[in-house]
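Engineer: Sequence:
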Amino acid sequence: MTSSGNQRWAFNYVTIGESSTNMRNLTPSLYILEMQNLSSSEITEKVEVFIDGTKIG
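Residue 195 is where the sequence shown starts when you use my numbering, and the numbers rise one by one after that.
Watch out, some of these pointers could steer you wrong.
Using 20 angstroms as the maximum straight-line C-alpha spacing, the simulated DMTMM-like pairs for lysine to aspartate or glutamate come out as follows [stated by the list, open to error]: (1) Lys249 x Glu239; (2) Lys249 x Glu228; (3) Lys240 x Glu228.
Hints listed in this document are in silico derivations from the structure and should not be mistaken for laboratory results.
Assemble the whole structure, with the sequences as input and the hints as a guide.
Structural biologist: The structure is reproduced here in structure tokens:
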């Protein structure tokens, strides 16, 4: 989880045998990104794009 002002971003990486949380965003205060089957560089890129696309201000 990370934050900026009143906004929060939560990240969940689903591995073999785990289930997704299927949580919905509580915009504009909480955003949730679930991922699976990604390399570390792909995770970094997805997180950056996700935050940049939802950050206010």
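Engineer: So, for every hint listed, does it hold in this structure?
Structural biologist: Comparing the hints with the structure gives:
1. Our distance criterion of 20 angstroms between C-alpha atoms is met by Lys249 and Glu239, whose separation comes to about 15 angstroms.
2. For the hint pairing Lys249 with Glu228, the CA-to-CA distance comes to about 17 angstroms; that is within 20 angstroms, so the pair holds.
3. For the suggested pair Lys240 and Glu228, the alpha carbons sit about 10 angstroms apart, so the restraint of at most 20 angstroms is met.
Violated hints for the displayed structure: none, as all numbered hints are satisfied.
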